[in-house]
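Trainee: Now for the letters of each chain:
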Amino acid sequence: MKTFEERFTAWVDGQLTGTELAVFERELAQHPEAAADYADAQKLGALLRAKAIAPQLTNVDFFNLQIEQRIKAGNAHGAAQSKREKVWGFGFLPRLALGGAFCLLAAFGLFQSIIPSGSPVEKSPYFAQVVEAWPSDPSIYATTVYSAEDNVTVLWLDGLDYLPGNTLLQ
Amino acid sequence: MIYNMVRNEQDAWDLAQDGFVKAWKNIGRFRGQSSFFTWLYRILMNVTIDSLRKKQIESGTEFDDAIGLHNIAPGATTAPQVELQPAAQISDKEIRSRIDAAIARLSPEHRAAIVMRELDGLEYTEIAEQMECSVGTVMSRLFYARKKLQTMLKDVYENI
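Chains as they are written, first to last, in my numbering: chain F, 1234 to 1403; chain W, 40 to 199.
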């Protein structure tokens, strides 16, 4: 259901037709001032159309040039901003994380290839016994070399001129 | 349209430029669901209304919508606020000045409605599409905008 204002506006603008117009005209009998209002609205419209005329643009080229310059300036600014966003924008952190993960993998692979896998040099099962036989003379320097293949441990003693009689190697 | 809304030539050209640049930047969003004219017209209208609202906030002025809505009864006869002047005394310049002053007292929404209907000749449905409101709202805005302008300009249109 349209309000009185809506129907009055439609009436002024000639938009009421048929039954709607007939019903509204009957309703207007209760509004004797409506005819004067209608006339006022028509005069107002005529006044606005006749006198509220926008001035013509005198220098079209200058106006167009200004728009062109603003668009160019906006494009340059947009390109710079886009470049900044490309480096530091939304995709930067995921790319950084991916790069970091790749570096870690590469470093791990390199580490694995350089450092041979497997357990470190096996210690001789006789090492403890050799240590027990360690001389108290500080001028003697002992080294052991163990070959797992041959199952042999070699004890190399530097600075030992003789083997004491009470020392037993098992 | 913009000039009729802001009633200032320099402001109108500036806003027209703003609107065209905005349209250029958003040209990718034009889907062809309405005509290009309608799309561009809406951008220019929104730019203008935003500017009027911004000025309203900055200047602290209030459009007299509330006064109009409460003080103008739907069936009320409009009455001139000033003494009628002989036609000969009102020059075109004065008439335009009076029109400018009267339109300046309307809210952006009422200005838009009256400009689109009376000066640009748009249909109610077109105005509703531009202002993103119902046809009923457009008609209501037109009613009150006309009432207020009639109150302020009666002596002018009665004497030309």
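No lab work stands behind these hints, which were simulated from the structure alone. Computed from a predicted structure; not experimentally measured. Warning: the hint list may mix true and false statements.
Said to hold, decoys possible - Just the calculated beta-carbon pair ranges, DEER-fashion:
{"#": "1", "chain 1": "F", "residue 1": "Phe1237", "chain 2": "W", "residue 2": "Thr164", "range": "31 to 39 Å"}
{"#": "2", "chain 1": "W", "residue 1": "Gly160", "chain 2": "F", "residue 2": "Thr1291", "range": "23 to 31 Å"}
{"#": "3", "chain 1": "F", "residue 1": "Ala1313", "chain 2": "W", "residue 2": "Thr77", "range": "51 to 59 Å"}
{"#": "4", "chain 1": "W", "residue 1": "Arg68", "chain 2": "F", "residue 2": "Gln1302", "range": "19 to 27 Å"}
{"#": "5", "chain 1": "F", "residue 1": "His1264", "chain 2": "W", "residue 2": "Thr77", "range": "33 to 41 Å"}
{"#": "6", "chain 1": "F", "residue 1": "Phe1325", "chain 2": "W", "residue 2": "Gly160", "range": "49 to 57 Å"}
{"#": "7", "chain 1": "W", "residue 1": "Cys172", "chain 2": "F", "residue 2": "Ile1304", "range": "29 to 37 Å"}
{"#": "8", "chain 1": "W", "residue 1": "Asn47", "chain 2": "F", "residue 2": "His1310", "range": "37 to 45 Å"}
Stated by the list, open to error - Mimicking DSSO-like on lysine-lysine, the simulated pairs with C-alpha atoms at most 27 Å apart in a straight line are:
{"#": "9", "chain 1": "F", "residue 1": "Lys1316", "chain 2": "F", "residue 2": "Lys1305"}
{"#": "10", "chain 1": "F", "residue 1": "Lys1316", "chain 2": "W", "residue 2": "Lys94"}
{"#": "11", "chain 1": "W", "residue 1": "Lys94", "chain 2": "F", "residue 2": "Lys1284"}
What the hints assert, rightly or not - Some chain W residues judged to face chain F by a derived CB distance under 8 Å, without partners named:
{"#": "12", "residue": "Tyr80"}
{"#": "13", "residue": "Ile134"}
{"#": "14", "residue": "Gln189"}
Where is the CB? At the ideal position from N, CA and C, for every residue including glycine.
Trainee: If a hint holds in the structure, say so; if it doesn't, say that too.
Mentor: Status of each hint after checking the structure:
1. Phe1237/F / Thr164/W: 31 to 39 Å: 21 Å Cβ-Cβ, so the 31 to 39 Å window is violated.
2. Gly160/W / Thr1291/F: 23 to 31 Å: holds (25 Å)
3. Ala1313/F / Thr77/W: 51 to 59 Å: Because 34 Å falls outside the window, the suggested range is violated.
4. Arg68/W / Gln1302/F: 19 to 27 Å: Because 23 Å falls inside the window, the suggested range holds.
5. His1264/F / Thr77/W: 33 to 41 Å: holds (36 Å)
6. Phe1325/F / Gly160/W: 49 to 57 Å: Given a distance of about 53 Å, which is inside 49 to 57 Å, the answer is holds.
7. Cys172/W / Ile1304/F: 29 to 37 Å: holds (31 Å)
8. Asn47/W / His1310/F: 37 to 45 Å: violated (28 Å)
9. Lys1316/F / Lys1305/F: holds (17 Å)
10. Lys1316/F / Lys94/W: This hinted pair is violated, its Cα atoms lying about 35 Å apart.
11. Lys94/W / Lys1284/F: Satisfied, since the Cα-Cα distance of roughly 25 Å is no more than 27 Å.
12. Tyr80: violated (14 Å)
13. Ile134: With a closest approach of 5 Å, the Ile134/W hint holds.
14. Gln189: holds (5 Å)
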